[in-house]
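J.: Below, each chain spelled out in residue letters.
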Amino acid sequence: MVAALGRWANGKARDSAYALGFFFQVLKETALFMRRKQVAFHVLVLQILFTGVEAMSIVALIALAFGAVIIVEGGTVLPRFGQTSLLYSILIVVITRELGPILTAFVIIARSGPAIATELGNMVVSHEIEAYMSVGINPIAYLVVPRVLGVTFSVMVLTIYFNFFGLVGSFLVAQLIHPIPFVEYFSALLRALQLRDILSTVLKSFIFGVIISVVATYHGFKVSASVTEIPRSAIKAVGQGFVLCFVADALITLIYYV
Amino acid sequence: MADIIALEDVRVTLGGFQALRGVSVGFVEGKSTVIMGPSGCGKSTLLKVAAGLIPPDEGRVLFHGKDIFQLSERGLMDMRRQNGFVFQDGALWENKTLFENLALPLQVHFPDVPAADRNRRVIRALERVGLEESASERPAALSGGKKKIASFLRALMTEPALLFMDEPTLSIDHAMTDRIHQIIRDQKGRGSTIIAVTHEAQLTSTLADRLVVMDAGQVLASGDFDEIKRSRHARVRAILSEVLKDIASYDTDLLSLLDGNGESI
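Sequence lines, in order, name chains A and B.
If you count by the numbering used here, then the first sequence holds residues 1 to 258, one letter each, in order.
If you count by the numbering used here, then the second sequence holds residues 1 to 265, one letter each, in order.
Hints were generated in silico from the structure; no laboratory data involved.
Source: prediction; values computed, not measured.
Be aware that one or more of the hints could be misleading.
To be verified - In silico lysine to aspartate or glutamate, EDC-like type, Cα no more than 16 Å apart, as pairs:
hint, chain 1, residue 1, chain 2, residue 2
1, B, K31, B, E227
2, B, K96, A, E119
3, B, K66, B, D78
4, B, K66, B, E137
5, A, K28, B, E73
6, B, K96, B, E137
Start from the sequences, fold in the hints, and give me the full structure.
T.: Given below as structure tokens:
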């Protein structure tokens, strides 16, 4: 029992050390990315295409739907308490500070997390990673950094895109319930919008992007020899991505309000 | 001649299994060395450690006397440019076309060469082995033999002085095997250092200047081919006989050497 506990603790410590080492390698190679001859640049462009451009329709749809839900709920509940004027502040807080970053992150975790982990895991098993090393290509610089940059950039842009569509969605539904002129609606939203809301959405989306990409690439590289490890690593990329994004979201929100 | 690669008391554990147990061996510059041994004895691991693809848990790997795993980034790049590695399963990059597979090493090591010159070089290499029509195909669309040939071409794109080969003729037909033998003979003729893991008797017979015989993660014997095939070590003789028994037609005195003093192999 004690021996098993010791082995478990030893394994966890080794995994943590490996994860930390991986993270620092990624940081170092990211810092050097612009200095390198940019053979990895097309990998970055492809990653933005897969993670950012191809997710635009689903993110827009979710944003429109959530914007509509918030305006319907808010427009129904708030007048009962004589707080209709709070509707714009609630829209801004809920969409830009919370739902925009976290729901965009969820979409990317579900779409790109397993895709990245599976692709890299397959490369490990088929010795493609060793082949990169054999020709002098650092796999972290060539395969991980473009994915980290591409996913992070995509999450940040998609979050702004989500916020925009969330607010547009709420406007469109508002026209059905209680038509408001376009200028009046968006003027009220801009009055409710504060610099800290923008900072919050940018900071959260940046951190979520880093978490999603580093976790997915880490689990892809953690595959050692067998194809049966690949689905497990994809599942872990999704699970840990969700958990770490939730924890980071809670911490950032706490720091903002405390 | 001096060792181009030397391993000093190298130990490697992979997935809890001790793949190499204190291996010390040198590979002489300009010579072709064949690593032999039963399946699972650590031959491929030794090859990858020697090529700097797997770091040892203990011990050192020296390239021209310098520890590979202590080299600066520039030093490592120089070393990689001078080395080529042919993987057992080809290990072509599946998300790239055959052309891109061959062009990438040139892009990495010669970034200042104009793209048109690089492309010409890749096309020339493909034409030499008759694969020019497959240039735009992905590896998944290629046969096993073509993948192996392509893996050779990729390893040779930077004209390396040292070539590592892991079972270069495994699971491919006669025609492809002949083409690969020709490529290897050409490399040997140019004076390249070749380190190969193979079970193929004909290749061993035509290629090996030196032999390394392994068993259970350890080197049992290493040295000149002629010297090793006369070894009195029972396990070495048993391992050699497994591979070399097939090559009597290529080396008429070999079986008699292995059967020396009437001993059965």
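J.: Identify every previously stated hint that the structure contradicts and give their numbers, smallest first.
T.: Number 4 only.
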